[in-house]
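Enquirer: Sequence:
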Amino acid sequence: MTNGESSISIEVPSETRKEAKGKAPLIAGGTHKHERKGGWKKGIAILDFILRLSATAAALGAAAAMGNSEETLPFFTQFLQFQASYDDLPTFQFFVIAMAIVGGYLVLSLPFSIVTIIRPHATGPKLLLLTLDIVALTLTTSAAAAGASIVYLAHNGNPSANWIAICQQYGDFCQQVSGAVVSSFIAVVIFMLLIVLSAFALRRKH
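Numbering-wise (full-length UniProt numbering), the sequence shown opens with residue 1 and increments by one.
A hint or two may mislead.
Label pairs and their computed distance ranges (CB to CB) [unchecked claim]:
no., residue 1, residue 2, range
1, Ile134, Asp88, 29 to 37 Å
2, Leu202, Ala165, 21 to 29 Å
3, His121, Ser160, 57 to 65 Å
4, Ala199, Leu53, 19 to 27 Å
5, Asn68, Arg203, 40 to 48 Å
6, Ala199, Asn162, 18 to 26 Å
7, Glu70, Thr131, 13 to 21 Å
8, Ala57, Asn158, 30 to 38 Å
9, Gly124, Pro159, 49 to 57 Å
10, Gln83, Asn162, 16 to 24 Å
11, Ala165, Arg203, 46 to 54 Å
12, Ile118, Val196, 21 to 29 Å
13, Asn68, Leu110, 36 to 44 Å
14, Gln83, Ala199, 43 to 51 Å
These aren't lab readings, by the way, just hints derived from the structure by calculation. Think of the CB as a built atom: it goes at the ideal place given N, C-alpha and C, for glycine as much as any other residue.
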């Protein structure tokens, strides 16, 4: 009786140890797999943050360049002078306001991008940024396209409407507004990359 009980007490722990040994590799393998998935999500989040910094610089640079665009021709009299400024055209005023709004949004979005780096599996901040990025892309594209149309007229004019090209006279002014428009289109491209990255990160399963 005593020998039988001792044999049972020996067999039970041995089975428990065998089960534990069989389960241990599965737990370790699942942990490594989870870490690998979190690794590429964190990499995408870091790239998202870098792109947002670049887009912020492009948007605010476009607003600043357009807002400071002004040129006065050297030949003027006491009662008459020739001057070109961005606020002479409502389209350029809209451009400055739109790009300033987009730049402000990008600055505010940086903390949310940092959250996605710390918590790469969190879907809430990613979905919020994706939605707002689409809205910001629409506003940036409209401002860039409107500004590009005026810059084209300033460089080439329109003979059918008797609109003359002014860039031959206001060279510095045209250079500034052209640079602002180019910077806005850079922001458009970066927004497109941000949206693609966010959609890709949300589509992949944990």
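Enquirer: Which of the stated hints cannot be reconciled with the structure, identified by number in ascending sequence?
Expert: Failing hints, ascending: 2, 6, 7, 13.
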